[in-house]
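Asks: What follows is the residue order along each chain.
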Amino acid sequence: MPIITEGSIMDDQKIIELLFERTESALDEISRKYFRLYTGIIKEVLSDGCDIEECANDVLLAVWNSIPPNRPKNLSAYVCKIARRIGIDRFRHNTVRKRNGGYAVTLAELEECLPAEEPFGAHAEQSAMIRAVLSDFIRGLDPETEILFVRRYVYLESVMSLAERFGLEENRVSVKLCRARKKLKKLLEKEGISV
Amino acid sequence: MKNVQSEKLSDHLADVDEEILTRALEIDDADKLKRYVRAKKSVGMRGFVRRASAVAACLLLAVGLWLTVPAFFFRANSKGPGNKKPQDTNSQNRPPWLTTEEGTLTIESIDMLNYYAAIKMLSDTESANRTARYTNGNGITLYAASTGSAEKPYGFSIISDIGYDNPLIGEDSERPEGGAAEPPSENAETVVYYQLNPNETFSVSRVIFFQIEIRNADGFLASKIGTGVADVVITENSLEPMITFKNGDRYYSCCENTLLDNGKLYSTHKYIDGFYIVKNLEQENYSFRVVYDRFNLEYESATAQGVVCEPYKNGGDRPDGEMSAVGNTWISDEVGAFTVRDLEEYFSRPS
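Residue numbers (the numbering used here), protein chains in the order written: chain H, 1 to 195; chain F, 196 to 546.
The hints are simulated quantities; they were obtained by calculation from the structure and are not laboratory data.
You can take every hint at face value.
No farther apart than 27 Å at their CA atoms in a straight line, the calculated lysine-lysine pairs in the DSS-like style are these:
hint, chain 1, residue 1, chain 2, residue 2
1, F, K474, H, K14
2, F, K508, F, K419
3, F, K419, F, K474
4, H, K14, F, K459
5, H, K186, F, K235
Partial list, derived from the structure: chain F residues whose beta carbon lies under 8 Å from chain H:
hint, residue
6, H207
7, L208
8, D210
9, V211
10, D212
11, E213
12, I215
13, L216
14, A219
15, I222
16, D224
17, K235
18, T453
19, K508
For every residue, glycine included, the Cβ atom is placed at its ideal position computed from N, Cα and C.
Hey, can you work out the whole structure from these sequences and the hints?
Replies: Next comes the structure, spelled out in structure tokens:
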């Protein structure tokens, strides 16, 4: 009995190899495999359909331009990071004073974490240390909060979507995120971190 | 000003360690989240258990008045696979691993540890109040029995963390006392070694068991474990999701590489050698694609159709090709943790 199933989704490593060979079908494979994932992130940042579509295309272009030389260990995380960056760049471009889209809400929530005294942005050279502190902070969260926190503040997923995805009450998700933000604020203040 | 700062914080959050980002991406449903929570809790339990060991010893003495020590550790031992077959009246559904294996078992590798931990989980699950299930292509059959399984926290050690991205290996890891055995290769540039300390516990959170028939005597897997009907054990565990093939007393294991739409892919660039996990992309490599009939992320009602062995990166010219599954697929979703000694004692017990 043949057990090979036709039409399987291509292995990430094969896709990366195709990109290194400059084979354009790699982009089709990425689109086929991760389209929903990366457009989902863009949709959390932007609300305009045209912007979303353009950014989705930009994601593929950015992947094409960056691999090679990059060889990501995890292609999905890499694509999501690019999508996030492109979406946010477009958001910044679109909004000078005006706030729209889910990203604005995310930013408003993150304001709660900011230390009262020192402004973020003062010491760019500290970014490695900040990265380590934030990584340790996230690792130190209880596992459920960890996943919720990263999905909310890195992948910009809405509270409602998180609640649906994980079968949790929206209120529970909100409370967990709120506690995590307060905890992060305390940590940042304690460490005297300014970014 | 605050908005700019928030954006910077947001950017910094997006720049945290890749392992964290990848994990959050991969845990994308309630079931996976539940399993992750359980796995992390078992890590946390490790320290607690150490602190409570003195108290536990006292309790053991008290309990020993009315329970035997072996019965305390292995509540399900009378129904273990090395001892007594379960009360399954339907003989055709009897799990194939339940052959009597009398004598002394010595676990000498992560392959064996993974295999026997999985078998114990399946046996315990089967004999527990919790339901175990098998799939035979016609749906799921549930059955239950009377006792539970022993659960212990896990722990493990690594001797190097070069390029290693397993989220569950980290701050608790420590070098084993007494030094490490000789690593399987001296080429530290291309090979990465991790060593499990056999004295620490190894936890398993999901087990899939089926059998395949290996026919191609010239194939890669055949060169490792020979031809004939072999057991296939797939686990999610405290090291890395792993597939173990067993044929008689020969084992071969390698780690999960990626998720496919109809199964999962394991590749030989990260394989087991004794108590080491070895990573080597430079050697001849193959992938094992496990194909299910209606695979989904829950594995529920999925029946393994077989394994396809193909060349992977730097793959050689001896793929095993398609190896069809023989019989049912057995699944346990319970969590258990064992040391090498636990399993050796359990499986060495005479019937």
